[in-house]
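Novice: Sequence:
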Amino acid sequence: MVSIITNCYNGEAFLNETIQSVLSQTYADWEYLLFDNCSTDKSAEIFKSYKDPRFKYYHNDHTVPLGHGRYEAVKLVHGDYVCFIDSDDLWLPENLEKQVAVMEHDSCIGVVYTDYQKFGVDNSMRSTSKKRLSNNQ
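Per my numbering, the sequence shown runs over residues 4 to 140.
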């Protein structure tokens, strides 16, 4: 199982799209944890509106820096693998399937990352990451 974590602070503007990109994954063995970092918007309401039993909501009692929030969220997961998706990010549908396949193919691999594309309100999209690392780096 993959544990997916979204650390969220007032992420309502894009959270539905982020959630939809998680739900569209071709790999379905996952749990999804929203670590709410004391949001004052409708982030909690949005996340809780999804009635998927794989969704887990955690409300932190005070705002913490992102790194600390991720550390706290990782303590709450049950999966064999852990990944992060920010509340304004999107995944392509085969993201988890491809990453899990890499991890399960070679037990020496401990971290998998992907290229990314930046996009914004002007609807422009450009590829921004092309560097490739071998298993030895």
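Be aware that one or more of the hints could be misleading.
[Claimed, not checked] Simulated pairs of lysine-lysine, DSSO-like, Cα-Cα distance not exceeding 27 Å: (1) K121 / K45; (2) K78 / K51; (3) K78 / K59; (4) K101 / K45; (5) K45 / K78; (6) K54 / K78; (7) K78 / K101; (8) K45 / K59; (9) K121 / K101.
The hints are simulated quantities; they were obtained by calculation from the structure and are not laboratory data.
Note that the structure is a prediction, hence the values are computed from the model and not measured.
Novice: Next step is simple, just say for each hint if it's right about the structure.
Specialist: Outcome of the hint check:
A hinted pair counts as satisfied when its Cα atoms are at most 27 Å apart, and K121 with K45 qualifies at roughly 25 Å. Taking the CA atoms of K78 and K51, the gap is near 21 Å; set against the 27 Å cutoff, the hint holds. Using a Cα cut-off of 27 Å, the hinted pair K78 and K59 holds, with the two alpha carbons roughly 13 Å apart. A hinted pair counts as satisfied when its Cα atoms are at most 27 Å apart, and K101 with K45 does not qualify at roughly 32 Å.
About 25 Å separates the Cα atoms of K45 and K78, which keeps this hinted pair within 27 Å; it holds. Of the supplied pair hints, the one linking K54 and K78 holds, its CA atoms being roughly 23 Å apart against a limit of 27 Å. With a C-alpha separation of about 25 Å, the suggested pair K78 and K101 falls inside the 27 Å cut-off, and the hint holds. For the proposed pair K45 and K59, the alpha carbon gap of about 16 Å is at most 27 Å, so the pair holds.
Between the alpha carbons of K121 and K101 the distance comes to roughly 20 Å, so the proposed pair stays at or under 27 Å and holds.
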